[in-house]
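Sequence order for the protein chains is A and B.
The working numbering numbers the first residue of the first sequence as 2 and each following residue consecutively.
The working numbering numbers the first residue of the second sequence as 2 and each following residue consecutively.
Honestly, the hints are just simulated from the structure, not real lab data.
The structure displayed is predicted, hence computed values, not measured ones.
Among these hints, one or two may not hold up.
Any copy, or any two copies together, can satisfy a pair, since identical chains are not distinguished.
Stated by the list, open to error - Cut-off 20 Å, straight-line C-alpha distance, at most; resulting in silico cross-link-like pairs (SDA-like, lysine to any residue):
{"#": "1", "residue 1": "K76", "residue 2": "R65"}
{"#": "2", "residue 1": "K76", "residue 2": "S33"}
{"#": "3", "residue 1": "K76", "residue 2": "G23"}
{"#": "4", "residue 1": "K76", "residue 2": "A35"}
{"#": "5", "residue 1": "K76", "residue 2": "A61"}
{"#": "6", "residue 1": "K76", "residue 2": "G25"}
{"#": "7", "residue 1": "K76", "residue 2": "F47"}
{"#": "8", "residue 1": "K76", "residue 2": "S40"}
{"#": "9", "residue 1": "K76", "residue 2": "P54"}
{"#": "10", "residue 1": "K76", "residue 2": "G39"}
{"#": "11", "residue 1": "K76", "residue 2": "D38"}
{"#": "12", "residue 1": "K76", "residue 2": "E34"}
{"#": "13", "residue 1": "K76", "residue 2": "S62"}
{"#": "14", "residue 1": "K76", "residue 2": "E53"}
{"#": "15", "residue 1": "K76", "residue 2": "Q56"}
2 protein chains.
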Amino acid sequence: MNEEELAVVTMHDDDAADSTAGRGTMVIRIWSEASADGSFRSRLTFAGTGDEPPQEVVVASHERLLETVSEWLEKYPD
Amino acid sequence: MNEEELAVVTMHDDDAADSTAGRGTMVIRIWSEASADGSFRSRLTFAGTGDEPPQEVVVASHERLLETVSEWLEKYPD
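Just chain A, same shape as in the assembly (with noise of 0.2 Å):
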């Protein structure tokens, strides 16, 4: 796979006994392949606060894309 590699090292509140409420992280990664179903590969890896693990969703268009950081933003209201 032809993707580049991100590591993440440290992830610490400024204030720690601050609510993580409201925070959250998203990385998307995007590559080429080539393949009969179009070119165009994205992994999204985010997080939100509290214990819940990482979630990791591997889309092919920018529709998809855009639908999952959409979903994802929901929660946190604006």
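With chain A held as given, fit chain B onto it using these hints.
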């Protein structure tokens, strides 16, 4: 600022001879702030291929966040 900190340590290609065309990475961080114009805040950091420096955009709504992702995606046709 009550924001998680992410540091990128390694970023390498599996195959150094490969073209980096079509690759990109975006990190989206969300936090909340007490302020008159809503609490939602997000910082989007993204880099494409080549020598261009990473760009950073701070938004205060889902709509602007999705627009920023969508504009960035234009560099990666699907």
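Review point. Of the hints given before, which are not true for this structure?
Key: none
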